[in-house]
Amino acid sequence: MNKCYINGVASITAQPTTNGKFLEDIISYNDIIFKADNPNYKDFIKPSAMRRMSKSVKMGVTASKMAMEQARLEMPDAIITGTGMGCRQDSEKFLEKILYDDEQFLTPTLFIQSTHNTVGGQIALGLQCKGYNLTYVQSSASFESSLIDAQLMLTEDSNKKIVVGGIDEIAKTSSKFHILNGELKQQPIPNLELLQSKTTGTLLSEGATFMVLDGEKSTKNIAEIVDIEMIYTASIEETKKNIEDFIARQGLKIQDIDAVILGNNGDRQFDTYYQSLQTSIFTNTQQLYYKHLIGDYHVASAFGYWLTCNIFKHNNVPSIVKMNNLEVDEHKNILLYNQYRGENHSIALVRKC
Amino acid sequence: MAELVEELKVKIIDQLSLEDIEVSDIGNDDPLFGDGLALDSIDALELIVLLEKEYGIKLTDPKQGKEIFQSVQIMADYITEHRTK
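Residue numbers (the working numbering), protein chains in the order written: chain A, -16 to 336; chain B, 7 to 91.
Bound-form chain A, shown alone:
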């Protein structure tokens, strides 16, 4: 596999992650569903273009522009996005109009804006980018699917510069369905006490994380995505073996991993996957988490890459993301592992450049 470098990364989440600080001002919530913290979208999108954009489009366009600015890239060769639910706000509005207007008077804007590839399309339109443009809709493996596609593209041609991102938004009605089906907590809890929760389900939020990937070594490189693996289903024991095998395939040992970033989301039933690793192969490894800050959603795992890049850039780990007390002088290899309800396991190794 060819090299895959991250030259820029930006994330809009429920925390102020676009202010240039590294998780210094933390917002606490006491709700089951909480919204993303909006940057000033007008700094990035013309008002004439923004008026038709739902939140996911605004978040996606803005995060992609931030990542491109950081990578000093004006025109990518490809735009690849991942989303679990797509533009669900406008999908809801469109369905409501069908219902309340008795299938009459349907306007084009909501329909155009309600497709899953709207964000990728709007980014391309804004840039006038006519290159490869694809959106992966693979539940909680959506972002990783787009990442693997980008990696394959860089294997064919290392000169390509690719914008890769994950976007998901909260909608007024359908987001609450996840309370009914038990995927979310039944009662509000403080997000910062997520891991103390003794109940099933998680907290839902929204966000967009974008990266600029490049196959060429340069001074712009922040980190290298050494490898990524996806496994649809696995038991706890199989997961442990899968991770050990993954690390061995990189020619590394467990002790070579400086930190592991886990997707603990406070769901008593499925956090056992992470806890099993925390108390076995990663006992002596620095353990980090982030879903207590940004909530969970189908592409929340993309935030792990933002966190990793910022650890490398700042050479510092904010205490708010630490699950144990182990300290590391300098991070070189960070392993990311995420799963959602026992499915869509993703393992990735990211190395400092």
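Mixed in with the good hints, there may be bad ones.
[Said to hold, decoys possible] Computed cross-link-like contacts, DSSO-like style, restricted to lysine-lysine with a CA-CA straight-line distance of at most 27 Å:
| no. | chain 1 | residue 1 | chain 2 | residue 2 |
| --- | --- | --- | --- | --- |
| 1 | B | Lys59 | A | Lys155 |
| 2 | B | Lys59 | A | Lys80 |
| 3 | B | Lys72 | B | Lys91 |
Think of the hints as simulated: they come from the structure by calculation, not from any bench.
Fit chain B to the supplied structure of chain A, relying on the hints for placement.
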């Protein structure tokens, strides 16, 4: 007529999500497309739906839109003459 013109401006701002634009920013004779509000072809479709939904006017020939949507005043004149609700 003045009442209808004001009502129309409010509905256009709402239907087309014209952020940062107030009723007072739209002149009765300002062109809606091109130099004025700089609306585009999707907005034209939205305006056709607005006419049908709010005033019961169904445009069958898209070319009509080009004439009717020249300004708010021309739209109001057309609505006054053709409205069914």
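Does the alpha-carbon distance linking lysine 72 of chain B and lysine 91 of chain B stay inside the 27 Å limit?
-> holds (23 Å)
Given the hinted pair lysine 59 of chain B and lysine 80 of chain A, is their alpha-carbon gap at most 27 Å?
-> The hint holds at about 12 Å.
Are the Cα atoms of lysine 59 of chain B and lysine 155 of chain A separated by 27 Å or less?
-> It holds: about 25 Å lies between the C-alpha atoms, which stays within 27 Å.
Going through the hint list in order, the structure satisfies each hint without exception.
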